[in-house]
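Colleague: Residues per chain are reported as follows:
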Amino acid sequence: MMMMRRIISERATCVSKNFILRSSASRFHGESLDSSVSPVLIPGVHVFHCQDAVGIVAKLSDCIAAKGGNILGYDVFVPENNNVFYSRSEFIFDPVKWPREQMSEDFQAIAQRFGAMNSVVRVPSIDPKYKIALLLSKQDHCLVEMLHRWQDGKLPVDITCVISNHERASNTHVMRFLERHGIPYHYVATTKDNKREDEILDLVKDTDFLVLARYMQILSGKFLKGYGKDVINIHHGLLPSFKGGYPAKQAFDAGVKLIGATSHFVTEELDAGPIIEQMVESVSHRDNLRSFVQKSEDLEKKCLTKAIKSYCELRVLPYGANKTVVF
Amino acid sequence: MIRRVSTTSSLSATALGSFMKWSFKSSHFHGESLDSSVSPLLIPGVHVFHCPDVVGIVAKLSDCIAAKGGNILGYDVFVPENKNVFYSRSEFIFDPVKWPRSQMGEDFETIARKFNAMSSVVRVPSLDPKYKIALLLSKQDHCLVEMLHKWQDGKLPVDITCVISNHERAPNTHIMRFLQRHGISYHYLPTTDQNKIEEEILELVKDTDFIVLARYMQVVLSGNFLKGYGKDVINIHHGLLPSFKGRSPAKQAFDAGVKLIGATTHFVTEELDSGPIIEQMVERVSHRDNLRSFVQKSEDLEKKCLMKAIKSYCELRVLPYGTHKTVVF
Numbered sequence: 001m002m003m004m005r006r007i008i009s010e011r012a013t014c015v016s017k018n019f020i021l022r023s024s025a026s027r028f029h030g031e032s033l034d035s036s037v038s039p040v041l042i043p044g045v046h047v048f049h050c051q052d053a054v055g056i057v058a059k060l061s062d063c064i065a066a067k068g069g070n071i072l073g074y075d076v077f078v079p080e081n082n083n084v085f086y087s088r089s090e091f092i093f094d095p096v097k098w099p100r101e102q103m104s105e106d107f108q109a110i111a112q113r114f115g116a117m118n119s120v121v122r123v124p125s126i127d128p129k130y131k132i133a134l135l136l137s138k139q140d141h142c143l144v145e146m147l148h149r150w151q152d153g154k155l156p157v158d159i160t161c162v163i164s165n166h167e168r169a170s171n172t173h174v175m176r177f178l179e180r181h182g183i184p185y186h187y188v189a190t191t192k193d194n195k196r197e198d199e200i201l202d203l204v205k206d207t208d209f210l211v212l213a214r215y216m217q218i219l220s221g222k223f224l225k226g227y228g229k230d231v232i233n234i235h236h237g238l239l240p241s242f243k244g245g246y247p248a249k250q251a252f253d254a255g256v257k258l259i260g261a262t263s264h265f266v267t268e269e270l271d272a273g274p275i276i277e278q279m280v281e282s283v284s285h286r287d288n289l290r291s292f293v294q295k296s297e298d299l300e301k302k303c304l305t306k307a308i309k310s311y312c313e314l315r316v317l318p319y320g321a322n323k324t325v326v327f
Numbered sequence: 001m002i003r004r005v006s007t008t009s010s011l012s013a014t015a016l017g018s019f020m021k022w023s024f025k026s027s028h029f030h031g032e033s034l035d036s037s038v039s040p041l042l043i044p045g046v047h048v049f050h051c052p053d054v055v056g057i058v059a060k061l062s063d064c065i066a067a068k069g070g071n072i073l074g075y076d077v078f079v080p081e082n083k084n085v086f087y088s089r090s091e092f093i094f095d096p097v098k099w100p101r102s103q104m105g106e107d108f109e110t111i112a113r114k115f116n117a118m119s120s121v122v123r124v125p126s127l128d129p130k131y132k133i134a135l136l137l138s139k140q141d142h143c144l145v146e147m148l149h150k151w152q153d154g155k156l157p158v159d160i161t162c163v164i165s166n167h168e169r170a171p172n173t174h175i176m177r178f179l180q181r182h183g184i185s186y187h188y189l190p191t192t193d194q195n196k197i198e199e200e201i202l203e204l205v206k207d208t209d210f211i212v213l214a215r216y217m218q219v220v221l222s223g224n225f226l227k228g229y230g231k232d233v234i235n236i237h238h239g240l241l242p243s244f245k246g247r248s249p250a251k252q253a254f255d256a257g258v259k260l261i262g263a264t265t266h267f268v269t270e271e272l273d274s275g276p277i278i279e280q281m282v283e284r285v286s287h288r289d290n291l292r293s294f295v296q297k298s299e300d301l302e303k304k305c306l307m308k309a310i311k312s313y314c315e316l317r318v319l320p321y322g323t324h325k326t327v328v329f
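Each protein sequence line maps, in turn, to chains G and A. Numbering-wise, the first sequence is residues 1 to 327 according to UniProt numbering. Numbering-wise, the second sequence is residues 1 to 329 according to UniProt numbering.
Just so you know, these hints were derived from the structure itself, not from any lab.
Mimicking DSSO-like on lysine-lysine, the simulated pairs with C-alpha atoms at most 27 Å apart in a straight line are: (1) 249(G) <-> 83(A); (2) 251(A) <-> 139(A); (3) 192(G) <-> 249(G); (4) 245(A) <-> 243(G); (5) 245(A) <-> 249(G); (6) 323(G) <-> 225(G); (7) 306(G) <-> 243(G); (8) 323(G) <-> 245(A); (9) 231(A) <-> 130(A); (10) 251(A) <-> 323(G); (11) 205(G) <-> 229(G); (12) 243(G) <-> 251(A).
DEER-style ranges, computed between Cβ atoms: (13) 172(G) <-> 230(A): 54 to 64 Å; (14) 159(A) <-> 282(G): 26 to 36 Å; (15) 60(A) <-> 171(G): 53 to 63 Å; (16) 221(G) <-> 291(A): 26 to 36 Å; (17) 243(G) <-> 62(A): 41 to 51 Å; (18) 75(G) <-> 159(A): 50 to 60 Å.
In this text, a Cβ means the ideal position worked out from N, Cα and C, and glycines have one as well.
Only chain G is shown next, with the shape it has when bound in the complex (with noise of 0.2 Å):
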């Protein structure tokens, strides 16, 4: 099943209007703003998944280099016996030399010589946020996290809207924020027979990507279709132990020495997607079952936000059937 969705960026045409905006550079690497004088430089990110060949480097760093762009990072994987290539670049350019749709076209050029599965750019300061919605059920800890990081600009993206099987009233710390920021919230009861997936569709169809942050409802096949963008969840467990309801319960009662956290992408299969971030904490006879659900918590929060930063950065590729590259 295709995980990352974003083929090519589309962003080029909505750009123009942002970019008088947003010209101005952010001071990467100690660059001058002083424009008379030299060019403003700002950052741009581009990840590349092909069939791999000989030349693919040669050509990807020459494009950068031919418009004036320094490349500060390169990572190139290629795997065993797989004869796929992976690249992710970061590099600095001056937009005047490089405008943003001719960075487009001229990376789809390389993608379409190469046959590439996945070519992505992406300028933090120009392109648009990425629009997320973020859904959950009844406990909030993960949401109030993302929230609070997404206030403190530590989560570059859009929250375009919050949906939820479990209603909030208005007086409560997460309702307060959210019309403070005047991000909808939209309370969608489900029930056995009806998962309401076709309205919970229509509420995120313009988003990029999905965050299921203590959602417990499994998201069907037709549903993930239709969506077609990647949906991320949070488990707070260390699959693939403790997949479904309670897992921290789980590993209390399995007298485990290590619990855990897992980030990965939703497919049909419950808790079996391809994982993302793991992360892991020590518990020993002194931990009772508060004391494991509470660690999780904390763990499902960083692992969390961890995830969603890595894919908001490019650094998240499909691996195989149900792995990821993870630059």
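Position chain A relative to chain G; hints supplied.
Modeller: Just chain A now, kept in the frame of chain G:
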């Protein structure tokens, strides 16, 4: 699970014999002087206790130690919520002249009876005989090699009675020469007939205190064997249980695309890879790891995890908790 209910009585006879040999030996424990004409020679002891919870256990245990001039240097007590059981582990130093080893055994035994203890074990490492263990393995011998080397370095405080394997080894291999040099017997028992094998193994290990399975593969010891042996069997599994039970856990992990791999040491029960867990360790893996490096990292973890578990076990840190968990002080 931990099958040593009370070993104090069985130790006293042998302890007397060793006492004469060992009585002049003091550990350099907490800076005690070795001049026996001026101050007593204090040696360390460890006591673990497991009984139904009531008021007054710690008072009685600590009083028992203090009354004989023992000085408690470390004390761990654990009473789980809603469980009504009590666990303690005390480390103390004492003067074996003031508190003879056999008397110690009796004193703790009295308290054990008073509190209906499920487990009361006292151990004086410098007097009591080392634990006798047998090591079982198949073809992969990195775990065995690690244990033999640590044993040789004095880091594994056991007596290795014998090594049993269902894989034959030529006499000019590192292991065989090592074992021969140290007078440890190697028994090749091919896995043809499960029942017959188990009878032979039982015969070979009946005098051991516990058994270590260090990559003993494809043979699940039956309930009959475990009951017949009656003592603890420790296994190392190079996967993070309960994930990846059974064969080739490193390959299972590799195919599953996990970002963390691990190893688990646990007590052996009839069910494969399901007994109470003693210790677990992890390491990070990424897309850059191939199957080879998954296997290598797993093996490195295995060795550390097994060593730590055995060390904890020998130091009386591991106790049964509930049906399939452990307290590890």
